[in-house]
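Start from chain A and add chain B according to the hints.
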Amino acid sequence: MTVTFPQKGLPWLLLLPQLLVTAIFFLWPAGQALEQAFYQEDAFGLSREFVGFENFVYLFTDPLYYQSILTTLVFSFSVAIAGMSIALLLAVMADRVIRGKLTYQTLLIWPYAVAPALAGVLWWILFDPSMGPIALWLESAGVDWNHYLNGNQAMILVIIASTWKQISYNFLFFLAGLQAVPRSLIEAASIDGASPFKRFWTIVFPLLSPTTFFLLVVNLVYAFFETFGVIDATTKGGPGQSTNTLVYKVFEDGFIGLDLGGSAAQSVVLMGIVGLMTVIQFRFIERKVQYS
Amino acid sequence: MSKRKLSTLFLGVSLASTGFAATEIEWWHAMGGANGEKVNDIAAVFNESQDAYDVKPVYKGNYTETMTSAIAAFRAKQQPAIVQVFEVGTASMMAAKGAIYPVHQLMSDSDQPFDESTYLSAVTGYYTSNEGKMLSMPFNSSTPVLYYNKNLFKKAGITQVPKTWQEVESAAKKLQMSDVSCGFTTAWQSWVQLENFSSRHNVPFASLDNGFGGLKTELSFNGPLQVAHIKKMGEWQKNGVFSYSGRTNDGAAKFYSQECAMFTESSAGYAGIKRSAKFDFGVAELPYWAGKVKEPFNTIIGGASLWVLQGHSKEEYKGVASFLSFLSRADVQADWHQFSGYLPITHAAYDLTKNQGYYEANIGTETGVIQMTTGTPTANTKGLRLGNFVQIRGAIDEALESVLSGDVDAQTALDTAVKRGNTLLRKFERTND
Chain A
1 MTVTFPQKGL PWLLLLPQLL VTAIFFLWPA GQALEQAFYQ EDAFGLSREF
51 VGFENFVYLF TDPLYYQSIL TTLVFSFSVA IAGMSIALLL AVMADRVIRG
101 KLTYQTLLIW PYAVAPALAG VLWWILFDPS MGPIALWLES AGVDWNHYLN
151 GNQAMILVII ASTWKQISYN FLFFLAGLQA VPRSLIEAAS IDGASPFKRF
201 WTIVFPLLSP TTFFLLVVNL VYAFFETFGV IDATTKGGPG QSTNTLVYKV
251 FEDGFIGLDL GGSAAQSVVL MGIVGLMTVI QFRFIERKVQ YS
Chain B
1 MSKRKLSTLF LGVSLASTGF AATEIEWWHA MGGANGEKVN DIAAVFNESQ
51 DAYDVKPVYK GNYTETMTSA IAAFRAKQQP AIVQVFEVGT ASMMAAKGAI
101 YPVHQLMSDS DQPFDESTYL SAVTGYYTSN EGKMLSMPFN SSTPVLYYNK
151 NLFKKAGITQ VPKTWQEVES AAKKLQMSDV SCGFTTAWQS WVQLENFSSR
201 HNVPFASLDN GFGGLKTELS FNGPLQVAHI KKMGEWQKNG VFSYSGRTND
251 GAAKFYSQEC AMFTESSAGY AGIKRSAKFD FGVAELPYWA GKVKEPFNTI
301 IGGASLWVLQ GHSKEEYKGV ASFLSFLSRA DVQADWHQFS GYLPITHAAY
351 DLTKNQGYYE ANIGTETGVI QMTTGTPTAN TKGLRLGNFV QIRGAIDEAL
401 ESVLSGDVDA QTALDTAVKR GNTLLRKFER TND
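If you read the protein sequences in the order shown, they are chains A and B. When you line the first sequence up against our numbering, it's residues 1 to 292, in that order. When you line the second sequence up against our numbering, it's residues 1 to 433, in that order.
Some hints could be false.
What the hints assert, rightly or not - Here are the simulated lysine-lysine pairs, DSS-like style, with alpha carbons at most 30 Å apart:
hint	chain 1	residue 1	chain 2	residue 2
1	B	Lys97	B	Lys238
2	B	Lys314	B	Lys38
3	B	Lys314	A	Lys236
4	B	Lys238	B	Lys419
5	B	Lys56	B	Lys97
6	B	Lys232	B	Lys382
7	A	Lys236	B	Lys231
8	B	Lys238	B	Lys154
9	B	Lys77	B	Lys38
10	B	Lys232	B	Lys56
11	B	Lys419	A	Lys236
12	A	Lys236	B	Lys427
13	A	Lys236	B	Lys77
14	A	Lys236	B	Lys232
15	B	Lys163	B	Lys354
16	A	Lys236	B	Lys163
Worth flagging that the hints you see were computed from the coordinates, not collected in a lab. Since this is a predicted model, take the numbers as computed values, not measurements.
Pulled out of the complex, with its shape left as it was, chain A reads as follows:
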């Protein structure tokens, strides 16, 4: 259904605010980053030298950069998959509940309102090796928890903190998606003798696929970019390089290390990676999505 406007200029006028916002807050900084990636500049901005592709060459010959890419992939997919699975489980359970449905829904949505940095600090304290309740419980169960030194444990911590927040968001969408599944289909299947498990996987889940696909894209973008706050408030990329995701590395090399050219090159590559990932998702995974 297309909408037609009588005046030729009106559509443009209506789009103008959004176009301006996109231009000022995305195109302009992205353009500057692209330009800065080709220069080496001193910290104070007093002089700059054109170095061509040198910043990029340095990036791709740096084993730490590849390590960061791997770290980011592990982190992002863990956050996306864990976040979506747990949210789906909770949504299915919340959908079946009759009494207190609103209470469950409200409580499950609250974590979304917590700022990323605060969510990080919250879990940081819970897992503190000296006094955190969860860490002390783990010690009593024989697990030696110390995320100050153990890179894998630090990674688990930031995954938990990032996922916790995102579960609420996913839960909302899954719940709405579940409620859009026609009851008649499920009833027909149960009359035919299908178990709840089979009913879910053969009917409900395929009908949820548009939601699942959408959430996968959103969760991956979230894990790539919006988790900066969690990492900055807690591990700051450490110990070692274990939680140094690509977006954190951009910040650390640019603002702490004051290497603006290298940091700009990294942000250009990061933009490329996420763009590529989104294209792949739309081209290959969307085929499997069944829109009604």
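Coordinates of chain B only, in the frame set by chain A:
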């Protein structure tokens, strides 16, 4: 009233009121907690003593955050007049010739009396150009010392204060037998256990006089003595003699809670420890390895200095110069030194504190000064002047963490840090030659 009379009245009032406005001078610093309150007091005293200038201290976070903010502000043309930059940022600041206003030049341009010989040479050496001209004003210089819990020592039957690392180890073992799980922890591990460690034993940290000789310097802290010490720290992390507490000074919490009986930390931690330690504590010199050095050498300074940034009015700079003179007054320095544990930066302040009998009344507060002025400084003990050092310290911290977690052996870890650090030094050389 007629329109003309009203506007004349407003004009007159606004002109008159500009005469009363003091020139505002912004001072960005990284002094939080007790020291931050003291900084505000110092500024308030200066402001009340005259009405031409108004110094406004602004707390910007930790040292890294303060320096990063100042640089970002400079790029946006919003920089403060004075910024407190930690010692590892010295090389970066020195190289930014168009951004800084060297202190010796500021003082002479503003006709302020300024005699560099009144300052302790161990401190000023760090901030002086190769031509002997002071580029920034030392404000808070510290050196690492050993704080120890007297109550826990008594309980464990330790009668002698440890002087060497061997003694620290045996004290820790005794403490473990009296149920103290951790012997010692450290703050600023790179600064204390590698940079100052090298100076204490008179071994080089980097070539060309630890970087004083020029931008072509290369790192050399992966020598046998440093490797042996870091290897030992890895063993101690495993058997509880040492407990790692992060890269900055989070170890204080373990010392206050009496989880760890000893704490190698800056002499400037004194104010915080005095406030928060609910037990008797002592201050001793930073340990050294007996047998590896006949007499331990002086330690190097940490802390920060005040840099003046370009881009302000001449009137403001007059105020800055006047404030810097105020800060260097013997009474102001002595008071700051006694409160914070930072070292007195002038001979006059040191003498004044001695004459006041402060050191006798407060045992352990002179430790840092004595330790820093021990003997004659050598090329290895004057300090460090390395570009991109914030990032280099990050590489060092990662290497040390990999040893403490048992993942990498000490030699490989330090070699890796040297390699990464040298790449950063070459980058710095390239952008600043």
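query: Hint by hint, which ones does this structure get wrong, listed from lowest number up?
result: Hints 1, 3, 10, 16 not satisfied by this model.
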